[in-house]
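> Residues per chain, in single letters:
There are 2 protein chains.
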Amino acid sequence: MSEKPIVVDSDVHNGMKSLSELLPFLPRVWHDQWLEMGIGAARVYYSGVGGAMKDAVPDNGGGPGSDPDFMLKHLLEQYHIDYAILNSGIEISLYPDPDYATAVASAWNDWMAEVWLKASPKFRGSILINNTDPLAAAREIDRMAANPNMVQVIMTSASSMLYGQRFFHPIYEAAERNGLPVAVHPGGEGRGISPAPTNAGYPTRYLEWHNILPTGYMAHINSLICEGVFEKFPGLKFVAIEGGIGWLPHLMWRMDKNYKALRSSVPWLKRRPSEYIREHVYLTSQPIEEPDDPQHLLQIFQMIGADKRVMFSTDYPHWDFDNPLMALPPMPKEMKRRVMGETAMELYRLPGRNGEQAVTAQ
Amino acid sequence: MSEKPIVVDSDVHNGMKSLSELLPFLPRVWHDQWLEMGIGAARVYYSGVGGAMKDAVPDNGGGPGSDPDFMLKHLLEQYHIDYAILNSGIEISLYPDPDYATAVASAWNDWMAEVWLKASPKFRGSILINNTDPLAAAREIDRMAANPNMVQVIMTSASSMLYGQRFFHPIYEAAERNGLPVAVHPGGEGRGISPAPTNAGYPTRYLEWHNILPTGYMAHINSLICEGVFEKFPGLKFVAIEGGIGWLPHLMWRMDKNYKALRSSVPWLKRRPSEYIREHVYLTSQPIEEPDDPQHLLQIFQMIGADKRVMFSTDYPHWDFDNPLMALPPMPKEMKRRVMGETAMELYRLPGRNGEQAVTAQ
Numbered sequence: 001m002s003e004k005p006i007v008v009d010s011d012v013h014n015g016m017k018s019l020s021e022l023l024p025f026l027p028r029v030w031h032d033q034w035l036e037m038g039i040g041a042a043r044v045y046y047s048g049v050g051g052a053m054k055d056a057v058p059d060n061g062g063g064p065g066s067d068p069d070f071m072l073k074h075l076l077e078q079y080h081i082d083y084a085i086l087n088s089g090i091e092i093s094l095y096p097d098p099d100y101a102t103a104v105a106s107a108w109n110d111w112m113a114e115v116w117l118k119a120s121p122k123f124r125g126s127i128l129i130n131n132t133d134p135l136a137a138a139r140e141i142d143r144m145a146a147n148p149n150m151v152q153v154i155m156t157s158a159s160s161m162l163y164g165q166r167f168f169h170p171i172y173e174a175a176e177r178n179g180l181p182v183a184v185h186p187g188g189e190g191r192g193i194s195p196a197p198t199n200a201g202y203p204t205r206y207l208e209w210h211n212i213l214p215t216g217y218m219a220h221i222n223s224l225i226c227e228g229v230f231e232k233f234p235g236l237k238f239v240a241i242e243g244g245i246g247w248l249p250h251l252m253w254r255m256d257k258n259y260k261a262l263r264s265s266v267p268w269l270k271r272r273p274s275e276y277i278r279e280h281v282y283l284t285s286q287p288i289e290e291p292d293d294p295q296h297l298l299q300i301f302q303m304i305g306a307d308k309r310v311m312f313s314t315d316y317p318h319w320d321f322d323n324p325l326m327a328l329p330p331m332p333k334e335m336k337r338r339v340m341g342e343t344a345m346e347l348y349r350l351p352g353r354n355g356e357q358a359v360t361a362q
Numbered sequence: 001m002s003e004k005p006i007v008v009d010s011d012v013h014n015g016m017k018s019l020s021e022l023l024p025f026l027p028r029v030w031h032d033q034w035l036e037m038g039i040g041a042a043r044v045y046y047s048g049v050g051g052a053m054k055d056a057v058p059d060n061g062g063g064p065g066s067d068p069d070f071m072l073k074h075l076l077e078q079y080h081i082d083y084a085i086l087n088s089g090i091e092i093s094l095y096p097d098p099d100y101a102t103a104v105a106s107a108w109n110d111w112m113a114e115v116w117l118k119a120s121p122k123f124r125g126s127i128l129i130n131n132t133d134p135l136a137a138a139r140e141i142d143r144m145a146a147n148p149n150m151v152q153v154i155m156t157s158a159s160s161m162l163y164g165q166r167f168f169h170p171i172y173e174a175a176e177r178n179g180l181p182v183a184v185h186p187g188g189e190g191r192g193i194s195p196a197p198t199n200a201g202y203p204t205r206y207l208e209w210h211n212i213l214p215t216g217y218m219a220h221i222n223s224l225i226c227e228g229v230f231e232k233f234p235g236l237k238f239v240a241i242e243g244g245i246g247w248l249p250h251l252m253w254r255m256d257k258n259y260k261a262l263r264s265s266v267p268w269l270k271r272r273p274s275e276y277i278r279e280h281v282y283l284t285s286q287p288i289e290e291p292d293d294p295q296h297l298l299q300i301f302q303m304i305g306a307d308k309r310v311m312f313s314t315d316y317p318h319w320d321f322d323n324p325l326m327a328l329p330p331m332p333k334e335m336k337r338r339v340m341g342e343t344a345m346e347l348y349r350l351p352g353r354n355g356e357q358a359v360t361a362q
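The listed protein sequences derive, respectively, from chains A and B.
So in full-length UniProt numbering, spot 203 of the first sequence is number 203, and the numbers just go up one at a time.
So in full-length UniProt numbering, spot 16 of the second sequence is number 16, and the numbers just go up one at a time.
Only chain A is shown next, with the shape it has when bound in the complex (with noise of 0.2 Å):
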């Protein structure tokens, strides 16, 4: 009887319960301003879905994703997952005030560790940064790495700068030191400090908005490899969080395209930019495309190696949730093994269930 493969949910989030609930891990004097403004950020858009699936209340009350137990058996248990890698105050880059921003950040991640990764050895986090203030957001990796249940970094998409330009270099060195891959998450694009969502303004309607989001992330990773961030930083992975597929494909032509002619402006690039997606990049997976003919985005997997790159996740407990038991399209088992826990895995170097780590492929 074969072994169930490994299921990784590359994408959960978990809240508070209330504002309070980070108290004990803040300094005092940041105390009022946390709770009058929180993360701050405020929505823009209304959904008219709501932000959550509604039975993702816990029993015993609290918003969706705030009890560690009842998330443990709403989501990991019914879905027979190994792993969640959970995501939240990811928006805090957008407070204006970046001092405030980073003792949040801070303050996020001890609650995490304490709260959190201490419920559950399935529980996972990833490191809370303010990358306005690069140089304290290295601090802050260096001090929260030391914490083998964290095993990312994690910052909102929504930003001024693109993620390649060199004010935000000490980040991928700090990550790259302690072996962490920094993930981008959207949701923020158009708050805060952040500017308009599109090149040419503000959508209309959350629907607008939601359907553009991907894009912010083709300028982030352009940014990165025409910058020559991966090779100032070899040994940097770069996560792409509930961003879309289906974008990738043309993104790497395009760029490889450009290159062969303009290549002498990037001189420090010394291969064409889709290999550095296929070394450096992961997507994950939710909300996955839906064609009407599924073998399309079958073939869009093949066109960027999904074997390699693409990590499932659930998106619990957002109402977009993309349920492991029927969210992907058919597709050979070896790749589907890949997908659902054996690439997150490797990058997050998790133990499998007898214990032992596992060795990256790659």
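Since the hints were made in silico from the structure, they are not lab data.
One thing to keep in mind: the hints can contain errors.
Because identical chains share one entry, a pair is satisfied inside a single copy or across any pair of copies.
Claimed, not checked - In silico EDC-like cross-links for lysine to aspartate or glutamate, where the CA-CA straight-line distance does not exceed 20 Å:
| # | residue 1 | residue 2 |
| --- | --- | --- |
| 1 | K54 | E346 |
| 2 | K73 | E346 |
| 3 | K308 | E346 |
| 4 | K270 | E342 |
| 5 | K17 | E36 |
| 6 | K17 | E356 |
| 7 | K4 | E275 |
| 8 | K308 | D292 |
| 9 | K260 | D292 |
| 10 | K333 | E114 |
| 11 | K73 | E275 |
| 12 | K260 | E342 |
Here the structure of chain A is known, so what remains is to put chain B in place on it, guided by the hints.
Here is chain B on its own, set in the frame of chain A:
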């Protein structure tokens, strides 16, 4: 012996030998400003390869694309092209003063009609508009649509507002009334009064800027559909020139998936978003993506129904010219006929070689 397939080049750039060429068409009050400022919207990025093919300089002087007779010989005769759709002056909407921009656009159109469209029936013009004064633009469309050799409306894709928004509807109303498609052309992003080229600020170099231009196209098409422009103006066609192709499947799938949950916010839509794309949106081919495996591009072509919406173009005389004899990957003969000319013949209502009018299949 079967007739050679019709070839339409759907994106050709013509220009002036010098700024003074416009003066006979421009009211005296704008002459000094024109001679000092021209179209305005100066380039931000240095390309390193120049803007134009070096062999496109006319025999008797002037810049590339500035001589109708030379263009006929160097482009249309050399490559057996039946029609060239001429697009120029495109960035005029990025000038801060809408009165100047409207006056220049109008003069430009008279110059186009007089100097280019009278030079050969193989040339067909795009009506240049300044879209920051939509009512004036609508009047200009009405005025120039009287010339049967004007076959579409052209504007820059760079904009501080998304093109589905109500501000721009008078333009679409006028275009529909006159049976003309509205086209956008990239290159102005970050120039003049347009915002930064991405939703996270300015790319660092020309290569990076050029790679990411298609994201603006995705945002505009998303806006046009979500705002219901194609329900309000059901006869309107939209042409996305020089913005790539490979991103379209992703956009269609993401829009359709979100529409399932969020359609209550856009009750004016009667069909799935992708169906509006299939009925109203056209793409020109240059710069065509070049995956290592040409089969991958053909798969993309099949996902989007390329036989109905991809129109061949060279971008003559720009540096990244696509050669009509070499640019496209191998594809079924019928699809190739459509892409090389038949779809453009229908969209632009061009007479065939024996003078007969194409009949729209749709």
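> If you test the structure against every hint from before, which numbers come out violated?
1, 2, 4, 6, 7, 10, 11, 12
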